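> Starting from the given sequences, assemble the full structure and let the hints guide the process.
2 protein chains.
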Amino acid sequence: MGTRENGCAGSTQPSAAAPQVDKGVDFANYFCTYGYLYHQKEMLSDRVRMDAYFHAVSRNKHHFRDKAVLDVGTGSGILAIWCAQAGARKVYAVEATKMADHARELVKGNGVDDIVEVIEGSMEDVVLPEKVDVIISEWMGYFLLRESMFDSVICARDRWLKPDGVMYPSHARMWLAPIRSGLTDQKMDEVNCSMNDWRSFIEETESYYGVNMSVLTKAYREENEKYFLKTSLWCNLDPHQIIGTPAVIKEMDCLQATVDEICTVTSQLVHPINIDRSRISAYAGWFDVQFKGSEQNPAKDEVELNTAPDKDGGTHWGQQVFLVNPPIRVNEGDKVNVSFKMSRAKQYHRLMDIEIISELELSSGKRFPPVTTKVAIE
Amino acid sequence: MGTRENGCAGSTQPSAAAPQVDKGVDFANYFCTYGYLYHQKEMLSDRVRMDAYFHAVSRNKHHFRDKAVLDVGTGSGILAIWCAQAGARKVYAVEATKMADHARELVKGNGVDDIVEVIEGSMEDVVLPEKVDVIISEWMGYFLLRESMFDSVICARDRWLKPDGVMYPSHARMWLAPIRSGLTDQKMDEVNCSMNDWRSFIEETESYYGVNMSVLTKAYREENEKYFLKTSLWCNLDPHQIIGTPAVIKEMDCLQATVDEICTVTSQLVHPINIDRSRISAYAGWFDVQFKGSEQNPAKDEVELNTAPDKDGGTHWGQQVFLVNPPIRVNEGDKVNVSFKMSRAKQYHRLMDIEIISELELSSGKRFPPVTTKVAIE
Chain A
1 MGTRENGCAG
11 STQPSAAAPQ
21 VDKGVDFANY
31 FCTYGYLYHQ
41 KEMLSDRVRM
51 DAYFHAVSRN
61 KHHFRDKAVL
71 DVGTGSGILA
81 IWCAQAGARK
91 VYAVEATKMA
101 DHARELVKGN
111 GVDDIVEVIE
121 GSMEDVVLPE
131 KVDVIISEWM
141 GYFLLRESMF
151 DSVICARDRW
161 LKPDGVMYPS
171 HARMWLAPIR
181 SGLTDQKMDE
191 VNCSMNDWRS
201 FIEETESYYG
211 VNMSVLTKAY
221 REENEKYFLK
231 TSLWCNLDPH
241 QIIGTPAVIK
251 EMDCLQATVD
261 EICTVTSQLV
271 HPINIDRSRI
281 SAYAGWFDVQ
291 FKGSEQNPAK
301 DEVELNTAPD
311 KDGGTHWGQQ
321 VFLVNPPIRV
331 NEGDKVNVSF
341 KMSRAKQYHR
351 LMDIEIISEL
361 ELSSGKRFPP
371 VTTKVAIE
Chain B
1 MGTRENGCAG
11 STQPSAAAPQ
21 VDKGVDFANY
31 FCTYGYLYHQ
41 KEMLSDRVRM
51 DAYFHAVSRN
61 KHHFRDKAVL
71 DVGTGSGILA
81 IWCAQAGARK
91 VYAVEATKMA
101 DHARELVKGN
111 GVDDIVEVIE
121 GSMEDVVLPE
131 KVDVIISEWM
141 GYFLLRESMF
151 DSVICARDRW
161 LKPDGVMYPS
171 HARMWLAPIR
181 SGLTDQKMDE
191 VNCSMNDWRS
201 FIEETESYYG
211 VNMSVLTKAY
221 REENEKYFLK
231 TSLWCNLDPH
241 QIIGTPAVIK
251 EMDCLQATVD
261 EICTVTSQLV
271 HPINIDRSRI
281 SAYAGWFDVQ
291 FKGSEQNPAK
301 DEVELNTAPD
311 KDGGTHWGQQ
321 VFLVNPPIRV
331 NEGDKVNVSF
341 KMSRAKQYHR
351 LMDIEIISEL
361 ELSSGKRFPP
371 VTTKVAIE
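Those sequence lines, one after another, are chains A and B.
What the first sequence shows, in UniProt numbering, is residues 1 to 378, in sequence order.
What the second sequence shows, in UniProt numbering, is residues 1 to 378, in sequence order.
Since the hints were derived computationally from the structure, they do not count as laboratory data.
As the structure is a computational prediction, the values presented were derived from the model and not from experiment.
Errors might be hidden in some of the hints.
As the list makes no split between identical chains, a pair holds if one copy fits it or if it spans any two.
[Stated by the list, open to error] In silico EDC-like cross-links for lysine to aspartate or glutamate, where the CA-CA straight-line distance does not exceed 20 Å: (1) K90 to D113; (2) K300 to D158; (3) K218 to E42; (4) K341 to E295; (5) K218 to E251; (6) K335 to D46; (7) K226 to E42; (8) K90 to D66; (9) K218 to E203; (10) K374 to D101; (11) K41 to E222; (12) K341 to E261; (13) K98 to E355; (14) K98 to E117; (15) K108 to E332.
The following block contains the structure:
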């Protein structure tokens, strides 16, 4: 079992949490991408994302005026700068990568370096001179929880948020919906193509080099199926692809949430089917977050950031697509009873393993044997 | 400074060697790819590579008959199987990743499990029951030394090769040549395109969100130039692109080579230009290896594996291309005096930093000021 990072040992319940990886490995696998301006720009160019945070802050200045703020994972520093411009007294902007240097330049270049203090370090290790009134963070990964960055926000909240403090965002929801998609057939074709190529390869290797590779066929097929069919796909879906009523998998109050409750997420869902003579070839997962403030200190203007399939294009998060193979034939009036489970990958806590058990129930009441779909979010 | 891996502390001179990274990081950055059958198949499908090793072994059975062999980094186990089929008494096939399980299956499936023993582990840690007559390994990375796998072969040689033992391959050479290429212009365009996009991004971010990103322009440009122009490219070049006589940067005797001599490789080269009114828009780097056996125990049939630009397509290694920006105008009869230096990247010993100083000398004798090209092999 790995060690929990410093500073959070007492404040979260360790029992169900996946082991934390070595910091060097975490950097190689995760943090390093965030050190690139190219990647930051991609997120800064996401208008839906930018609009949501910008409006949430600028339309709720009462939360920021003369207050102390903590920006967890400040990246380029954009949120911290907005908080300063909204009237904050002090903003602590924590960033684990060398992007912190650029954040410092950006803060200075926008004349708020008297307010914003950029601190390079891991949120779990950093020590602030005071508790804060607001914690703001853009921590959401694909399907909300990929990257498990919210662990660091929980850590920050438990250590540094005043008892009457406010979280930005304040709430989050994960959604699931059955969809139709050409991707399943496409990926099946890619597996078959790969296996055809493998068969030629076996013949040639035997013929030219006297070595029979066929004992590896099963493993090669499994590796291909894992890669093409059992790994989630990133898509920006068209709303027309949704063929059953989306359902909320989980609702989260960012002021109360614990690491335990996000380590393993389970839910029972029902999706009435809205379209006739179709096939569920996949499930789509996405999230939304709300900026509502707290009960004692609510937002004056509530803002939502929604990543559902959208005809106007979507966000850089897209949706996560979990292929169902073979597809499930459905008609209007049918429903699918879903047992959903997402847990952290054993090898690495920032990746996820998903299990979706689908039970088709016809409008007549007839139920079919459940079908299990297992997919990894890599 | 990292620690040197066990087992090699006494046998190599540590002074000039780059620090070794943490094993977990090394796995995340390097070894993990080799755990995929897809990647192994790519290498097994390289006919030039396969032919060279297959012929080297099968045409020199005297090196293997009744002998003990060590295969460093056995991957799928193919080399080990060929050695067994060539008559080896015993083959120790060492593999750091879970590919070792597949190697074991392949060995058994080809009826040589009484001869080939697959050992999962790091070459630096493994303990063999005896010294060996032959060390065989396919350790070459792009431009020969990328991945720095030969360190592990040196370690194996110094610990496990009998005094009169033989290395497969026995020798290696690194080559450089000036080339013409459309890539330099293409990559310059990509930088310019990216900077145009950045300029629009700055305007929009100021306009919509009140934040001026222009202080980051210089850093963004540097990141782009590093990515597009100062990182080596993989290509399978056409021989017609070579416009000056290739020269050998380094020759290596695998029986004698030390880690020190491959940590930093320097050379002075001269490339007479073979084509009129052209431009050196890049340098190409590649390697070849020979299977000559040793002086006391030579090969009966010498084989060479050559990765030079080839009209018949090349190998999975391709060549490494180092862009020269701006290009250097040359004519037939001119020559380029090159000062070449390659050293290991500070952050990670498996990657390289290259510096090429080019001095154009006309046929008249006139010399131009030297031009420095710095490129990273990532």
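> Go through the copies and call it for K226 and E42: within, between, both or neither, with a Cα cutoff of 20 Å.
between (29 Å within a copy, 18 Å between copies)
> From the Cα coordinates, with 20 Å as the cut-off, is the pair K300 and D158 best called within, between, both, or neither?
This pair counts as neither: shortest intra-copy Cα distance 25 Å, inter-copy 73 Å.
> Go through the copies and call it for K98 and E355: within, between, both or neither, with a Cα cutoff of 20 Å.
Close neither inside one copy (37 Å) nor across copies (25 Å); limit 20 Å.
> First find the shortest C-alpha distance between K108 and E332 inside one copy, then the shortest across copies, and answer within, between, both or neither for a cut-off of 20 Å.
neither (58 Å within a copy, 54 Å between copies)
> Given identical chains, is K218 near E42, meaning Cα to Cα at most 20 Å, within a copy, between copies, both, or neither?
between (40 Å within a copy, 18 Å between copies)
> Is it within a copy, between copies, both, or neither that the alpha carbon of K335 lies no farther than 20 Å from that of D46?
Neither. Shortest intra-copy (35 Å) and inter-copy (51 Å) distances fail the 20 Å Cα cut-off.
> Taking 20 Å as the upper bound on the Cα-Cα distance, should K90 and D66 be classified as within, between, both, or neither?
Only inside one copy: K90 and D66 sit 8 Å apart there, 76 Å across copies, limit 20 Å.
> For the identical chains here, do K341 and E295 meet the 20 Å Cα criterion within one copy, between copies, both, or neither?
neither (30 Å within a copy, 64 Å between copies)
> Up to 20 Å between alpha-carbons, please classify K341 paired with E261: within, between, both or neither.
within (12 Å within a copy, 54 Å between copies)
> Between the shortest in-copy and the shortest cross-copy C-alpha distance, which are at most 20 Å for K41 and E222: within, between, both, or neither?
between (37 Å within a copy, 14 Å between copies)
> Using 20 Å as the alpha-carbon threshold, which applies to K218 and E251: within, between, both, or neither?
Neither: 41 Å inside a copy, 43 Å across copies.
> Between copies, within a copy, both or neither: which fits K374 and D101 at Cα up to 20 Å?
neither (41 Å within a copy, 24 Å between copies)
Violated hints, in rising order: 2, 4, 5, 6, 10, 13, 15; the structure is consistent with all others.
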